[in-house]
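J.: Residues per chain are reported as follows:
2 protein chains.
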Amino acid sequence: MHILATDHSQQILQQVRQEIAKCRLVETLSQQQAGGHKSVVQQLTHRQQLSRLEKILSVLHPADVARVMESLSPEERKFVWDAELSTRGGIILLELSDSVTKQIIQATEKDTLRQLLKQLDVDEIGYLAELLPQSVLHDRLQELTSEDKDWLTQTLQYGSGSVGAMMDQDMILIRQDELIEQVLKKLRQYKDLPPQSDKLFVIDRRGFLTGVLHWHSLVVNEPEQRVSDVMSQDYVSFHPEDSAAHAARAFERYNLVSSPIVNSRGRPIGRLTVDEVIDFVRDDISEDALNSVGLQGEEDLFASVWNSARNRWSWLLLSLLTAFAASRVIGLFEETITHFVALAALMPIVAAIGGNTGNQTTTLVIRGLALSQINDGNQSQLISKEMKLSVLNGLVWGSAVGLFAYIFYANFTLSLVIAASMIITLLIAAILGLAIPLTLQSLKRDPALGSGVLVTALTDSMGFFIFLGLATLFL
Amino acid sequence: MHILATDHSQQILQQVRQEIAKCRLVETLSQQQAGGHKSVVQQLTHRQQLSRLEKILSVLHPADVARVMESLSPEERKFVWDAELSTRGGIILLELSDSVTKQIIQATEKDTLRQLLKQLDVDEIGYLAELLPQSVLHDRLQELTSEDKDWLTQTLQYGSGSVGAMMDQDMILIRQDELIEQVLKKLRQYKDLPPQSDKLFVIDRRGFLTGVLHWHSLVVNEPEQRVSDVMSQDYVSFHPEDSAAHAARAFERYNLVSSPIVNSRGRPIGRLTVDEVIDFVRDDISEDALNSVGLQGEEDLFASVWNSARNRWSWLLLSLLTAFAASRVIGLFEETITHFVALAALMPIVAAIGGNTGNQTTTLVIRGLALSQINDGNQSQLISKEMKLSVLNGLVWGSAVGLFAYIFYANFTLSLVIAASMIITLLIAAILGLAIPLTLQSLKRDPALGSGVLVTALTDSMGFFIFLGLATLFL
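Quick note, the sequences are listed as chains H and C, same order.
Heads up: take any position in the first sequence, counting from 1, add 26, and you land on the numbering used here.
Heads up: take any position in the second sequence, counting from 1, add 26, and you land on the numbering used here.
These are calculated hints, taken from the structure and not from any lab test.
Accuracy of the hints is not assured; some may be wrong.
Remember, identical chains collapse to one label, so a pair may be satisfied in a single copy or spanning two.
[What the hints assert, rightly or not] In silico EDC-like cross-links for lysine to aspartate or glutamate, where the CA-CA straight-line distance does not exceed 20 Å:
no., residue 1, residue 2
1, K104, D224
2, K211, E250
3, K411, E101
4, K217, D260
For reference, chain H alone in the conformation it holds in the complex (with noise of 0.2 Å):
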């Protein structure tokens, strides 16, 4: 299997691209010529031309033909899907980021996709349940053995963010009352051994985990030994409503590479691997990233301008609401802005202000919070650094602004105004920089989400308000 590696992966990007252009002019020029009806010459030709662009593909690792998909329009995508379908597009569609997968999803035929869930196990099955057609997936439950059912019923239930949702049933049981070399003669039967398997579940007579055996054990014993004996008892295991960050986060402090999954009652009935914790954790944070801009997770690059839109707006919309409102605020005080001209090129720079300091204050707090570095016990230590923050920061940066304001208007008093005007902001901002995620994370609600935008639309209205309503007062 060729592994891409970044300096061949723009080459092959550019070799495929150039076949699926070859494969296009193929098929353009028969329509035009035959009027829709291809000639024998042509079929062979344009089958020709296919059979290039899989040999290309076929020595890919299948992560690599869906990078290679994303990097691709959706027009150049369905050759690549084309050429890969009946071998390989079961895993590639296991690979596809989530947009790009209900892109292909949505321009496959349904019976297609019945026959390409043939390549899948129950697992990858339920890992696409949601993105599939209702009537597919029926019909493929439909197939599976009743125990497959079970389980696939099962991790349905769980919620997305669940440990439930993002475990296998790839595990291998043992008894505790074998020996080594039992062990040994049932690890001989698999023919391949599921992949992040560092360790085996032991079980006790009652279907209970007792604790696990590291592959080490099994060299290092002598045959006759009871795995009882030799097992480890120093082990993580979760429930499958366990909340993945909280399992993401026992990862990557504990490094594990599996850990059991157990029900209510203390019986395994899956695991978790590692690479689905990766994977978590990448979507998770960048996740984080998009919302903070108002881009409801992942948007494919190349969708249509339509979908873009849709993605997109429902927060230009919230963000058009809060300008109007801060809109409204200076409207309050147009007649001192007639009087006075200056406030109105010097407002912008106190909301701006306010706005990135409260930004920051408000980032800080949402790491701390998914970091769990924030509690009861500290909260009041943290408020008070970051109130003493704004009000040094408030010095600072308001003298600056004041400096500038009397530059150029040489005005005392208007400088004056400007200063008090950006240490009053600073100090609202940092209150509501706080304020704003620990509330959304005492409701329960992800304080990443919407903090943001609240933090700054408030602060330019508060900003607006308090030097246009000081400006008023004294000038």
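Add chain C to chain H, keeping to what the hints say.
T.: For chain C alone, kept in the frame of chain H given last:
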């Protein structure tokens, strides 16, 4: 070893804080009573108190002690640190975030640090090297074997974004002409295997990497078989100069647990493991989030006001300068605003929506670049899509803002002016949102660093200029 579950962590943290509070009380009391001179009884109470804290901590995994410390104020941290220093100080230091490690190292005497480093092996010292005082590091280097010294000087050469800086030397090398039974015998000599050892690295007589051997092959195959006959040649290896981001993507894509690192001649010199990769992924993405609001890397939540301020100032200064620039742009049109004060109230809307749409584009582009989804071949497609989207956005939001303006100011020309400004500004925002990260990338700079500020700053000024400029022409 007790493992912290989410529901326990709060409780344990509270216990720790209570014990620390008692320690501090005992300390203060004894200082007050004896003028700094402790009686025997007081020393005993103090000792007893500390040992109770030690007891609570002793059941925790070092990674959890680190987490507890990160949730404490610098004064409280000292007590936990003193309690753990002599036994697990070194390991805990490895688990702390960089900013807290720095604070702890500063607060610890050099002789204590020297003792501490004896708890760590050479890989771990390499990890801390940048944070340690030069003299302490130097002294420890003298005590190392010449082999270890070579390894350390070699790895310290690699920059922090490279594979070399993340590698360890805990690899198990076996010869391809060995028999399985010889390998098993070798493995039995290890008391414990290095963590994350999912495979052994196979070399030929000259020391070149020729394959990997999975655990399963050791179990399944007969003892008389030769390693070269059962090893796998399907593996991914890296060079120490490779970028860590590249390696992380390979680990994610191919679900790796450990990988050999080879020098330019093909000899294995170390290995990269998935636990390092997870840490890298977490730090890498969350650093982007922090950078995007101008925080230079992780900031200790309980850092001093002064340290926090310095961490945030360079960016606030930049944003102040851009705000000054925008203010001067408005200043150009003061006369127009005096005649038409509604402009002052409306202009922030144009700038705000422009900044927001520009940032949405930038965030998507940065993500696409990070995932290597954007390349020379598809840039033009992406650009055309974002342009169309910005025109669509301009028409939709321009109309909305035009309507808003008409409702409050009943001036049709004004409505047309602001709608037209929105369309033009959003188009410019899309161009900037694309051009800035793409240009930074082609200049081999990190597109995540500073793109957001630049896009916001430029769209603000452009938005004001276009709106006020059109107003001057047409009103």
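J.: Work down the list of hints and note, for each, if the structure agrees.
T.: Structure-based check of all given hints:
When the C-alpha separation of K104 and D224 is checked against a cutoff of 20 Å, the pair qualifies neither within a copy, at 39 Å, nor between copies, at 37 Å. For the homomeric pair K211 and E250, the shortest alpha-carbon distances inside one copy (13 Å) and between copies (17 Å) are both at most 20 Å. In this assembly of identical chains, the alpha carbons of K411 and E101 lie at most 20 Å apart only when taken from different copies (14 Å versus 55 Å within one copy). Within a single copy, K217 and D260 get their C-alpha atoms only as close as 29 Å, which misses the 20 Å cut-off; across copies the closest is 17 Å, which meets it.
In this structure, the one hint that does not hold is number 1.
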